[in-house]
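Here the protein sequences come in this chain order: A and B.
No gaps in the numbering here: position 302 of the first sequence is 327 in my numbering, and each next residue is one more.
No gaps in the numbering here: position 79 of the second sequence is 104 in my numbering, and each next residue is one more.
FYI, nobody ran anything at the bench for these hints, they're computed from the structure.
A virtual CB, placed ideally from N, CA and C, is assigned to each residue, including glycine.
Hints are not guaranteed to be accurate.
[What the hints assert, rightly or not] Derived BS3-like pairs (lysine-lysine); straight-line CA-CA distance at most 30 Å: (1) A:K112 to B:K338; (2) A:K338 to B:K112; (3) A:K371 to A:K402; (4) B:K81 to A:K338; (5) B:K371 to A:K44; (6) A:K402 to B:K402; (7) B:K44 to A:K371; (8) B:K338 to A:K338.
[Said to hold, decoys possible] To spell it out: a stretch of chain A is covered by chain B in this simulated footprint if at least three of its residues, at any positions, have a beta carbon under 8 Å from a beta carbon of chain B; those stretches are: (9) 219-226; (10) 286-300; (11) 357-370.
[Claimed, not checked] Cβ pair distances, simulated, as ranges: (12) B:S366 to A:E226: 45 to 53 Å; (13) A:A222 to B:S366: 33 to 41 Å; (14) A:A222 to B:E262: 54 to 62 Å; (15) B:D369 to A:E406: 45 to 53 Å; (16) B:H293 to A:R229: 32 to 40 Å.
2 protein chains.
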Amino acid sequence: MSTTAAQGFVAAGVTAGIKASGRPDLALVVNTGPDKVCAAVYTSNRFQAAPVLWSKGVTASGVLDAVVLNSGGANACTGADGLADSKATAQLVASAIGTTPDRVAVCSTGLIGVRLPMDAITRGVSIAAETLDAQGGSDAAQAIMTTDTVPKTAVESVDGWTVGGMAKGAGMLAPALATMLVVVTTDAVLTAAEADAALREATRLTFDRTDSDGCMSTNDTVILMASGASGVRPSTEAFTEALTAVCGDLASQLLADAEGAAHDIAIHVEKAATEDDALDVARCIARSNLFKCAVFGNDPNWGRVLAAAGTSKATFDPDAVSVSFNGVEVFTSGGLGADRSLVDLKSSRDVDVTVDLAAGDAYATVWTNDLTYDYVKENAEYSS
Amino acid sequence: MSTTAAQGFVAAGVTAGIKASGRPDLALVVNTGPDKVCAAVYTSNRFQAAPVLWSKGVTASGVLDAVVLNSGGANACTGADGLADSKATAQLVASAIGTTPDRVAVCSTGLIGVRLPMDAITRGVSIAAETLDAQGGSDAAQAIMTTDTVPKTAVESVDGWTVGGMAKGAGMLAPALATMLVVVTTDAVLTAAEADAALREATRLTFDRTDSDGCMSTNDTVILMASGASGVRPSTEAFTEALTAVCGDLASQLLADAEGAAHDIAIHVEKAATEDDALDVARCIARSNLFKCAVFGNDPNWGRVLAAAGTSKATFDPDAVSVSFNGVEVFTSGGLGADRSLVDLKSSRDVDVTVDLAAGDAYATVWTNDLTYDYVKENAEYSS
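In isolation and in its complexed conformation, chain A is listed as follows (with noise of 0.2 Å):
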């Protein structure tokens, strides 16, 4: 049910003819109130695309009613005519829902460099709109989709209010956000500062934690909208639990759909001196070539692991640290452990990567995947 799980929400996905294979292209959520909260978070990318200089400056007035989506064209690094596109979307949203540009998000995702057709465009917001339903969920997350093989949704239920949320996005995944466009909705009532101080630290903890292969994008985008149609006020805590749940679901989904990989990665720091120590290792760990290169040979290749370690500033001291893999201690304070052979990485996708640090009580996890022939083949052939 994806973005219309929460109730006062209505979604559509349609072909509007943006990309050749006639596949949905255009998804449009639309918040029906009685509040119309937003907030959202946007890649730290230099380049950023038109969809995103226009959103952003759409959001943060903290109110929005809809966000409009296509698949087919990412419309970045196309200048002052890619941001008049974008306006230009906006405004015939706006038009055909009844409201003002100032209050419609934009979203794009595919091919940089490349105008987007703006009479498809067109003529999918007139079909959206017609079509809008409070079932609509499903068809949205299908239109959003390009090189994903599944669409990704999820939701969570709690106490009489729903998070409920849709993403696309498989590889060019990187922290700080990656090629990922994510609306989430929710019933629950909140003002537009607690809904962006819940959606910075669910984002903190899922999205930017999730590392595919070290590449950002210049459209990422995750839109939270809150239309307090339930009547319940649910504490911070709760709801930015709710909401994490719902990332990290999504963010999970986004990894397991990563192109090409043969294996997910979780990579966990133990006993740091800081949390940023943590993330430091285990984002160095997460993008080493040739550590993922030896997952995807299902060797636990621990040299592989602090070659990557040693390249970060974290406080440890290299004697000290221990590394495990699948729960396998085959580095042990500084020395030998366990024989690798005692690891398997055949049996299941999953691997665990642990590293203790000796440094303190912090810790963190990063999460990405091995490298692969496909990742090679995919990004060799596939221009985005």
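With chain A's structure known, arrange chain B on it following the hints.
Positioned in the frame of chain A, the structure of chain B alone reads:
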């Protein structure tokens, strides 16, 4: 002629029996004087192999008689026992050539986390000491190969003095040095301080800007030995220039032999506010797996170049940036440039990517290669 091109050096490369393959695996380079000057730079990885820890202590004095190098085992992450093995190796060499162990550097390359077979090392040092020869540089360069497909040597002769060197390395090449062992010799007359300054400048501009896969090794070592045997004292500038030429030549050979690469890529960043900015942008691009896959697919994907540049902290206006592939400006001052079909990446291994930041007068070049099926294959199947 590699390390024996300069006067005052003898070398050997022999089969000690460390490698199961029976190929040469131990090299010895000895400075016969009259001067015994040295300088060295090492990996900045926090996990430093035993031979790095040993050699750092030895070369700090600026005086060195010999370097012994083995392939077939990295002696990394082997703890106190591994350090004792490196010291024992230096002692064997010292006894054989009539000096003290604190004047013998040790380098090792191969699998991490495995102790060296000291009986084979003992035998190898003995044979090498007996076969030391003023023509032995080629044999030494052969004996340090691991996944290298060719030995790497370079020589520059200038006004009566010579700089020559050898290197091993094929992949795991990254900033702040790579998995590489390099020994450079010269018969120029130099002080230790002059040798140190020249080596730091030469490596800063060459090996430090060679980034095959962003992965930094635990064993990287570059050692310069000066015999003074030519009797000529070159100017600092002339010596640094010749040394930089030899290091640059060796670095380009390392990249050309990088595991599985199909293209050699030079990333030039121009008109940066500072050299550090130029380097930051070039490194971000060199480490983008998406960009590297695109080059493998012969796709001049400037969108991926921009997305990678956009993750840097360099000063620039995204709307003023231009990107060229092999001289064809496909992105001009923040907007679409020439059609990408005008770029030919198929006819040559060499790819030039130039990014104009329009922010100043500084520039830097980083050399890398593409990401291919064969890179994944070699690094999934070969443990290191």
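Cross-check of the supplied hints:
1. Restraint check: the Cα-Cα separation between K112 (chain A) and K338 (chain B) comes to about 29 Å, which is no more than 30 Å; the hinted pair holds.
2. Of the pairs offered as hints, the one joining K338 (chain A) and K112 (chain B) holds, with about 29 Å between alpha carbons and a cut-off of 30 Å not exceeded.
3. Between K371 (chain A) and K402 (chain A) the alpha-carbon distance is near 22 Å, which keeps this suggested pair within the 30 Å criterion.
4. Distance check on the hinted pair: K81 (chain B) and K338 (chain A) sit about 21 Å apart at the alpha-carbon level, within 30 Å; holds.
5. The straight-line distance between the Cα atoms of K371 (chain B) and K44 (chain A) is roughly 28 Å, inside the 30 Å bound, and the hint therefore holds.
6. Under the criterion of a C-alpha separation no larger than 30 Å, the hint pairing K402 (chain A) with K402 (chain B) is consistent with the structure, at around 13 Å.
7. For the proposed pair K44 (chain B) and K371 (chain A), the alpha carbon gap of about 28 Å is at most 30 Å, so the pair holds.
8. Of the supplied pair hints, the one linking K338 (chain B) and K338 (chain A) holds, its CA atoms being roughly 18 Å apart against a limit of 30 Å.
9. Coverage of the segment 219-226 of chain A by chain B is violated [criterion: at least 3 residues with CB-CB distance below 8 Å; count 0].
10. Against chain B, the segment 286-300 of chain A contributes 0 residues with a C-beta closer than 8 Å to a partner C-beta. That does not satisfy the three-residue criterion, and the hint is violated.
11. With 3 residues bearing a CB less than 8 Å from a CB of chain B, the segment 357-370 of chain A meets the requirement of three and the coverage assertion stands.
12. Between S366 (chain B) and E226 (chain A) the C-beta distance comes to about 46 Å, which sits within the given range of 45 to 53 Å.
13. For the hinted restraint 33 to 41 Å between A222 (chain A) and S366 (chain B), the CB-CB distance of approximately 48 Å leaves it violated.
14. Under the hint 54 to 62 Å, the C-beta atoms of A222 (chain A) and E262 (chain B), about 58 Å apart, fit the expected range.
15. Remark: the range hint 45 to 53 Å for D369 (chain B) to E406 (chain A) is contradicted by a beta-carbon distance near 18 Å.
16. Between H293 (chain B) and R229 (chain A) the CB atoms are about 36 Å apart, so this pair conforms to the stated range of 32 to 40 Å.
Hints 9, 10, 13 and 15, counting from the list given before, are not met by this structure.
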